[in-house]
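Using the sequences and the hints given, assemble the complete structure.
Residue numbers (full-length UniProt numbering), protein chains in the order written: chain A, 1 to 265; chain B, 1 to 324.
Since the hints were made in silico from the structure, they are not lab data.
The beta-carbon is built from N, C-alpha and C at its ideal position, and this holds for glycine as well.
Heads up, a few of these hints could be off.
[To be verified] Quick look at which bits of chain B chain A covers, simulated, 3 or more residues with Cβ under 8 angstroms:
#1 53–66
#2 71–82
#3 95–101
#4 113–120
#5 198–204
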Amino acid sequence: MSGETMTVRPRERAVPEGRTGFRQALAAEWIKFRSLRSTLWVAAVATLLPAPGAAFVAATESLQPDDTVLGGSLTLAVPALMLAAVLGALVVCGEYGSGTMRATVAATPRRGTVLAAKATLLAGFLYAVALPSCAAAYLVGDALLDDGYAQGDPFPALLGVAATFPVAGLFGLALGTAIRHGAGAITSVLAVLLLPEMLGPLFGPGERWVAGVSPTAALQKLTQSSDAAPEALGSLGGWPSLSLVAGYTGLALLGAAALFQRRDV
Amino acid sequence: MAGPRRRPSVGGVIEVHALTKRYGDRTAVDALSFAVRPGRVTGFLGPNGAGKSTTMRLILGLDAPTAGTAWIGGRLYGDLRAPLCAVGSLLDAKGVHGGRSARAHLAALAAANGLPRRRVDEVLELVGLDPATAAKRTRGFSLGMGQRLGIASALLGDPEVLMLDEPVNGLDTEGIRWIRDLMRGLAAEGRTVFLSSHLMSELELTAEHLVIIGRGRLLADTPMRAFLERHSRSGTLVRSPEAERLRAVLEGAGARVSADARGGWLADGPSAEAIGVLARDHDLALSELTPLRSSLEEVYTEMVASATEFRGVGEERREREAPR
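Below you can see the structure in the form of structure tokens.
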């Protein structure tokens, strides 16, 4: 099409031509994550909750006689886990609510890259803060609790306990991506975390199958707390339970990615 | 029918081909085809709900078209290597989280396209947002500050193409003048500038080319000057107690005379001054002598109205022919 030549003056570019890829998307997500007070607050509370919780449990001696030091120390890891899930929902719903998602997708048109960057950031961040947070809670509990309790087996269980946080966060991210509204997504993800254990007893002998599917069940199994008895949460061990939760979270994330690809933003 | 992913094209041209977007049984954009060229400001005009914002979202790949394709410099938006370096956009909804500072918002966008951090300060200065304001959360921003932030994000990648949806909506006179000068300056640098508005008056002084749509369909794709020449009819409204004699005198002087709905004659040809002299020479008393010029706003409103009317008739006919 040499006939269609037009004189476009070559212009000195003010910036070098950039590029978009996973690394760039990850850098952008990190800036967005740390520049919002709401997400930072939720992350901070989730991180700081378990250790004082362990001190409180030790001070009030509010353990079952058959509970372990590890299980007792991580009592408040369950609400912290819920905050991790809320954080996952906030990371994406905050963008939909404000319309930032349009700017995000305009800058990074490959939506799979956007979601992968969000998931990587969230999972990495949550694991990095949950591991020291849960370890600190165990050390506090260990120092303050009497010797009358069984110790529990902290290693490698603590690695798995910390892993439940990114799993819960990613589940929140998946539901947030699918639902897009903050309130709806947070309600749904908390329901998935809480309802199995609350409604479990209604199912009689089926209780352990219902209650055993929640991410909180994996956490309790791994902390070897007395609440994690097989008749309550099923006979699946801590690690298989974590794998189950991680498995359906992965599927939820794939489903969310498919919706994100297809829908208008 | 979708077009190819790539086509030979001059850099910076926006090409829209048979673009269609349907939401259920409502057609927001209806087989729209046009091109926006570099080096000038092109106005995208249409009443509210005509499909301007939808068209822009389709060009940016935010919404998926039901049919048709949009290219930027011969590529689909999604295939651009660094989209912000090719197209800067400001959409109607600002899309900034109120809890985040202007600087952080821009820094995240810059990072997403691998642009250097200094570019954030450069565009902030370019749009006149001082560092103290840029560090504040955008929740408290005025309309004007928000608009400046939006334009800063559009300019971040120093793009060849700028696409702004209702950029002057709600701005004060000074803000409007600022945007107008900025856009003309950017076009003069050889960039493609595509601005939407629902008001002709906003584009009259800014745009050199017009793309007009109504109900998602193309009504006109024309240089502003040609549009002005074709549509701004001049005439003079003349009234006299002796109406018939006035007409004879006017026609004798070579004017085309038609009855005006407001009463009196609409004379096309001689100027108001000439008609005044003519009347004195013929001893005619005049009760009114008003030079008229139909405003572009009127022409545009008429154009949109007749287009929607025409469509209404067409739809009726289709309905009548359908049952068989």
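Enumerated hints in conflict with the structure, sorted upward: 5
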